[in-house]
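**Student:** Single-letter residue listing:
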Amino acid sequence: MLFHWFSLHRMMAVSGRLSALIDRLRHGKVEPAPALSEEELLAAIQEVTAAEFSDFEKETADAVPDPGASSNVPGASSASRDEAPLLAPTRTTGEHLLFLLGLVLGGALAAGLGSWHGEFAIRSEQFSKLSGESGLLSSGLLLFGGICVGFGTRMAGGCTSGHGLCGTSRLQPGSLLATASFFGAGIATSFALGALL
Amino acid sequence: MKIPFFTALTGALLGFSLSKIGFSSWDQVHSMFVFADFRLLATFIFAAVILLVSWKLIARTTGARWTPRKVHPGTVGGGVMFGVGWAVSGACPSIALVQLGEGQLAAVLTLGGMFLGNWLYSVLHERLFRWSAQGCSDD
Numbered sequence: 001m002l003f004h005w006f007s008l009h010r011m012m013a014v015s016g017r018l019s020a021l022i023d024r025l026r027h028g029k030v031e032p033a034p035a036l037s038e039e040e041l042l043a044a045i046q047e048v049t050a051a052e053f054s055d056f057e058k059e060t061a062d063a064v065p066d067p068g069a070s071s072n073v074p075g076a077s078s079a080s081r082d083e084a085p086l087l088a089p090t091r092t093t094g095e096h097l098l099f100l101l102g103l104v105l106g107g108a109l110a111a112g113l114g115s116w117h118g119e120f121a122i123r124s125e126q127f128s129k130l131s132g133e134s135g136l137l138s139s140g141l142l143l144f145g146g147i148c149v150g151f152g153t154r155m156a157g158g159c160t161s162g163h164g165l166c167g168t169s170r171l172q173p174g175s176l177l178a179t180a181s182f183f184g185a186g187i188a189t190s191f192a193l194g195a196l197l
Numbered sequence: 001m002k003i004p005f006f007t008a009l010t011g012a013l014l015g016f017s018l019s020k021i022g023f024s025s026w027d028q029v030h031s032m033f034v035f036a037d038f039r040l041l042a043t044f045i046f047a048a049v050i051l052l053v054s055w056k057l058i059a060r061t062t063g064a065r066w067t068p069r070k071v072h073p074g075t076v077g078g079g080v081m082f083g084v085g086w087a088v089s090g091a092c093p094s095i096a097l098v099q100l101g102e103g104q105l106a107a108v109l110t111l112g113g114m115f116l117g118n119w120l121y122s123v124l125h126e127r128l129f130r131w132s133a134q135g136c137s138d139d
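So the protein lines, in turn, are chains B and R.
Residues 1 to 197 in the numbering used here are what the first sequence spells out, letter by letter.
Residues 1 to 139 in the numbering used here are what the second sequence spells out, letter by letter.
Since the hints were derived computationally from the structure, they do not count as laboratory data.
Just so it is clear, CB atoms sit at the ideal spot from N, CA and C, and this is done for glycine as well.
Misleading hints may appear alongside valid ones.
[Said to hold, decoys possible] Have a look at the derived ranges for each label pair, beta carbon to beta carbon: (1) B:Gly140 - R:Gly63: 48 to 54 angstroms; (2) B:Phe120 - R:Ala59: 42 to 48 angstroms; (3) B:Gly140 - R:Pro68: 38 to 44 angstroms; (4) R:Phe5 - B:Ala50: 17 to 23 angstroms; (5) R:Val108 - B:Leu113: 17 to 23 angstroms; (6) B:Leu137 - R:Ile21: 39 to 45 angstroms.
[What the hints assert, rightly or not] Facing chain R, according to a computed beta carbon distance under 10 angstroms, are these residues of chain B, among others: (7) Leu42; (8) Ile45; (9) Leu100; (10) Ala121; (11) Phe183.
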């Protein structure tokens, strides 16, 4: 998380990357509509130029003056929260894919590349008990669960990393409430499932 | 080249840690939710506390300020729905990918579901709502 902040200057969050991919699929490439004043635009251009030609963090961090335009808070322009911010390099689809693939790779490394084996299943005693012998039921459960996760994370605006860790550790009200909601629901659902086991 | 490199690296670090800790195991996540095993929860809380202290330090030394993450109409409903899905599938977004990496290939269904759910929501939201769900990594 901290590594992410220091190297990429953003909060680490995962469901947002899924959302970005979906948006790209739905809308194709869109140019972010700049809603910046002239000086903000100028600052943005300077920022990008500096990034292009020199050591990004050092230059802009030292260049100080205006706390409002601090390079440590990319996209701090109050004008556009939702549009891709021009003060930080816009994240590309490629980057999102890289992160997500990184997750896959991390899992593979943890499992051990030498002894890697794959199977079309979820390695869990409890889940297997829940779905019984039925491949259809287990597939259905995973699909249903996945849909809920996808739908819910987009609606709430974040998942365990974004809201759960980055948000709550900064005591953000939206994140605290979201985290409480999903942990609460997770707990309740698990108890309900437990009754079925 | 830096951004793609660090992006991939952070993803890998996260995936590796999540797997090692046990978040990609349906059984362990379930145990966490029913309070049968506190290890995962403790790890989560520990991480959050470390971050809390770190952000304060960072804010103090660099003057960084965060965009406030407010409560919005989708916060609770979305959170609840996510929680249900997490308990049933055993996975939150990153986990589905980690599971694939580990070889739990049925997670492709979970992942497919996530894309589908995300898509469904974005369509619904555009047609019905005016508020912004505010992505977590906007700052």
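**Student:** Take the shortest C-beta to C-beta distance between B:Ile45 and chain R; is it under 10 angstroms?
**Tutor:** violated, 19 angstroms
**Student:** Can you let me know if the beta-carbon spacing of B:Phe120 and R:Ala59 is within 42 to 48 angstroms?
**Tutor:** holds, 46 angstroms
**Student:** Could you see if the CB distance from B:Gly140 to R:Pro68 stays within 38 to 44 angstroms?
**Tutor:** holds, 39 angstroms
**Student:** Would the hint on B:Leu100 be counted as holding, given a Cβ-Cβ threshold of 10 angstroms to chain R?
**Tutor:** This hint holds: B:Leu100 lies near chain R, its Cβ roughly 6 angstroms from the closest one there, short of 10 angstroms.
**Student:** Does the Cβ-Cβ separation between B:Leu137 and R:Ile21 fall within 39 to 45 angstroms?
**Tutor:** Violated - the Cβ-Cβ distance for B:Leu137 and R:Ile21, about 28 angstroms, lies outside 39 to 45 angstroms.
**Student:** Does B:Phe183 pass the interface check with chain R, least Cβ-Cβ distance below 10 angstroms?
**Tutor:** holds, 7 angstroms
**Student:** Range first: 17 to 23 angstroms. Now tell me if the beta carbons of R:Phe5 and B:Ala50 are that far apart.
**Tutor:** holds, 19 angstroms
**Student:** Do the beta carbons of B:Gly140 and R:Gly63 sit within 48 to 54 angstroms of each other?
**Tutor:** holds, 51 angstroms
**Student:** Closer than 10 angstroms between Cβ atoms is the bar; does B:Leu42 clear it against chain R? Give me holds or violated.
**Tutor:** violated, 21 angstroms
**Student:** Taking 10 angstroms as the limit, does the beta-carbon of B:Ala121 come near enough to a beta-carbon in chain R?
**Tutor:** Since the shortest Cβ distance to chain R is 5 angstroms, the answer is holds.
**Student:** Between R:Val108 and B:Leu113, is the Cβ distance one that fits in 17 to 23 angstroms?
**Tutor:** holds, 20 angstroms
In summary, the structure is inconsistent with hints 6, 7 and 8 from the numbered list given earlier, while agreeing with the others.
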